[in-house]
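Chains A and B supply the protein sequences, listed in that same order. Residues in the first sequence are numbered from 1 upward in steps of one, following this note's numbering. Residues in the second sequence are numbered from 1 upward in steps of one, following this note's numbering.
Just so you know, these hints were derived from the structure itself, not from any lab. If you're wondering where the values come from, they're calculated on a predicted model, not measured in any experiment. One thing to keep in mind: the hints can contain errors.
To be verified - A few chain B residues facing chain A, derived, Cβ under 7 angstroms: (1) 66; (2) 70; (3) 546; (4) 659; (5) 809.
What the hints assert, rightly or not - With a straight-line cut-off of 25 angstroms between C-alpha atoms, the simulated DSS-like cross-links for lysine-lysine are: (6) B:589 to B:560; (7) B:143 to B:4; (8) B:609 to A:53; (9) B:4 to A:52; (10) A:52 to B:610; (11) B:524 to A:53; (12) A:52 to B:89.
Cβ coordinates follow ideal geometry from the N, Cα and C atoms, glycine included.
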Amino acid sequence: MNMRASDFIDVGSLDDVPVRGSRVLRAPGGDIALFKSAEGDIFALRDECPHKKGPLSQGIVHGRSVTCPLHNWIIDLESGQAMGADHGCTNVIAVRVENGRILLDARALAAQAA
Amino acid sequence: MTEKLVVIGNGMAAGRVLDHLFEQAPGRYAVTVFGAEPRVNYNRILLSPVLSGEKTFDDIVTHDHAWYAAHGVDLRAGVTVTAIDRAAKTVTDTTGTVTPYDKLLVATGSSPFIIPVPGANLPGVVTYRDLDDVNAMLAAAEKGGSAVVIGGGLLGLEAAAGLAMRGMKVSVVHLMPTLMERQLDAAAGYLLQGAMEARGVEVFTKANTKAIVEEDGRAVGVLLEDGRTLAADLVVMAVGIRPNAGLAKAAGLNVNRGLVVDDEMRTNDGDVFAVGECVEHRGQCYGLVAPLFEMAKVVAARLTDDPAPRYEGSFLSTKLKVTGVDLFSAGDFADGPDRDEIVLRDAARKIYKRLVLKDDQLIGAVMYGDTADGPYFFELVKSGEDVSDIRDTLIFGRSFAGAGAGDPNAAVAGLPDSAEICGCNGVCKGAIVGAIQAKGLTDVNGVRAHTKASASCGSCTGLVEQVLALTLGEGFQKADVEPMCGCTDLGHDDVRRLIVAKELKTIPQVMQELEWKTSCGCAKCRPALNYYLLCDWPGEYQDDSQSRFINERVHANIQKDGTYSVVPRMWGGMTSPSELRAIADVADKFAIPAVKVTGGQRIDLLGVKKEDLPAVWADLNAAGMVSGHAYAKGLRTVKTCVGTDWCRFGTQDSTGLGIKIEKFMWGSWTPAKLKLAVSGCPRNCAEATCKDVGVICVESGYEVHFAGAAGLHVRQTDLLCKVATEEECMEHIAALTQLYREQGRYLERMYKWAKRVGLDTIRAQIVDDAARRRALFDRFVLSQSTAQIDPWAERVAGKEAHEFNPLKLSLAEAAE
Ligand code: SRM
Ligand SMILES: Cc1cc2nc3c(=O)[nH]c(=O)nc-3n(C[C@H](O)[C@H](O)[C@H](O)COP(=O)(O)OP(=O)(O)OC[C@H]3O[C@@H](n4cnc5c(N)ncnc54)[C@H](O)[C@@H]3O)c2cc1C
Ligand code: SF4
Ligand code: FES
């Protein structure tokens, strides 16, 4: 796969998302949760827990995962998969960070909106 | 292609087979496990400590969700298999799903036997087999009253002791003349009966149950054959078990009493194995874990094409897991003309030991009161060694023959390497010593992880500690604390102690210094650490909002649809027309869908959008209202009654005192939520005696009560002290709260903390020791000096703005 920079949309600055925390991105297809790990890596997931649609953006971020605020499912930020014996998956949106800006995969966002 | 292994039953036997299988041939099978119980696998034999309150369910889980995920096991928890089609090699379950297998393992365990008397199926009659049964018993025990346990065997007695510890009045009804007659001789059974009676359990032997008595559709008693009736709010049937082999039988597998297997644990279908209590091997069905762990090894070997291990039956030994009752039996101890016995009795110390010999060999042993030599005798029974040389002193055990008496480790020191230490898992002394030396183990947990010794019923933990002590000498330190979470081996108390002793002042510092195993903790330890640091370094520690659960991070309660609820403070439950008007205006302005009066004497606005929170708060602040901390592990409400202001019975100004207390204590963080109430007279209209702290006003002053609860558990408060003035009342309450803040484990309500450290210990520090009380009070005041900032006002002023302002992306950009 060969993606050009223009396939990605600038959604905000790295500093907009707190470390070990998250930020909601209100997008046409529904909310996206942006997460930042302790190491500063950024992840973007649909803001909906596969369990009962809990807002993942409101959970506690630890390692490369987030604990859902409603019933404590643990979601892997890289794959969107529920960890442990819980089954389910949240859509992940590809992220790039360039010059302190957060860029999201436009096609994935459009697909979300469609 | 990976072969498909389907396992029916997710109990102890199945778990052990899979442990061995994944160790020996990881990845060889794609495994699907069906478990009728809607949960992960747990150590069934530790249900009794859960019943008695000595352990929680989490403590006894053996395979957690992470384990299933790590081994790629498809767990169908809560799904029962209803049919096996051996021709098609599939199983069908309650959801109608058909799952194919290459190899099938039946591990369905057994079911409690229900004696077919009238009323046996009434509500109020339970059996004792799984967690649901324990929960049913606990629910009954919450209400108190009396329980009748039918069956005086291992399960019945453990249930009886557990229910007695939960405060029920318990009787045991047993058909035979003495308790546990299959494992104990009459003399030991008699001593056991005395021990049960000393625990407040009434024992009826030679008592045959005729019927369960019904009233209004539920069980209210047990009618005995001799005409007596025992009243019962709860009836527990623990009269025996039956192998669960119906499913196998319907599939045309060979079933007698249990599902018949050969020495390879194979049924009459070469692709179908069976293990555990559901099987019958050489005419025997077993009801203890040791045999099925041996079976599990053989099954795993067969599944990985290792032809060597065979199962040839088991010798059994029994222990009873009732705290404070030491009892051990092994082998055959029936009387007989060809047998010889040696008996030792010490009536004063309630010790009884009996050895049964035949042809100069030890064939059975029963011990009550002092069981230290149990493993030694069990070893002699199994080995069939000639004991004629040591016969004279045999009954005194190994320590008499070997090392000096009085040395607590002597009995273990004298054991040969082949002696079995852990009966459940068949681990011998040599294996434990070997593991300690090879892996550098230093504690019981390490031994558990590497050898499984003491990992099942836990009654050999003391022996394992002795082996550790012998092997490591001085280097051994006893430790049995529950770790805070998977990120550390330290328990809450150690972490708290070290935070103060090492002056650790940030979460990363704690994790570094105390050698956390994860990079940044987890959702269990981070909120706890944040609280401990906040409590121990008031004014200094910077609260870490990312280590707070959502409600405390945004100062509102999250609802199931992702909106929030807002509860402003109403001091002591008092409000005014202007406050009510402001609340009404806010509700209109922000189209808040629900306005409710809470159980805490104030008003809840439910369904507020997160982005609206700061504006809602701004309007409430403008009307003089602040956050009610309805979301906090901290001070919630102080409920009051109308007291002398209005009430014809009021003795003191309960409303005024409640408001004073709430104004003094709001904003403080505590290990778990903290609720108070003040009632103006003993009629107690503010329900003060089920709060964490409650005050009852009386003519001569104030009674301060504490450690009550009315949620998951209902507990009436105990009296802390009686004081004469409002000032003394506030001082005692603040000091008590501060002690709880400093000693409570995160999420431990005051009544649980009080139970753990002891009510008298607390009274001694707060009531009897005035200097200590004053010091605690001063520390509380110091902490409050930086705690009482309205979190709503701070956020209205812009703090944590990112929480409430989402980033936005327009449609045009996305569509581009
Ligand atoms: C609003 C309210 C119910 C109501 O409509 O009346 C309520 C609502 C909730 N209670 Fe409660 N409790 C409310 C009074 C009570 C009471 C009665 C009282 O305080 O006098 C109790 C029993 C007393 C006690 O605590 O011992 C009570 C015992 C619980 C418990 C059980 C606590 C326990 O340790 O046993 C929980 C669960 C928990 O905290 O883990 C709980 C948890 C909750 C939560 C926070 C559940 C949650 O996590 O979402 C609910 C939040 C609702 C919200 O968003 O506002 N609530 N809850 C009451 C708020 C009182 C207030 O003004 O602050
Ligand atoms: C309270 C208590 C205390 C005990 N104390 C001791 C002790 O101190 N020492 C000792 O050695 N032993 C003790 N035991 C006995 C020990 O727990 C059992 O020997 C052991 O659990 C049997 O293991 P198993 O795997 O054969 O059966 P189980 O552990 O019962 O597992 C069988 C599982 O299969 C499930 N199942 C059944 N049919 C189906 C189906 N068709 N589809 C899907 N799932 C199904 C059942 O729900 C169950 O979860 C105790 C038992 C109890 C209940
Ligand atoms: S508790 Fe006493 S003072 Fe308060 S309302 Fe009841 S009767 Fe009146
Ligand atoms: S909605 Fe996420 S855990 Fe339930």
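Of all the hints given earlier, name the ones this structure violates by number, lowest first.
2, 4, 7, 9, 12
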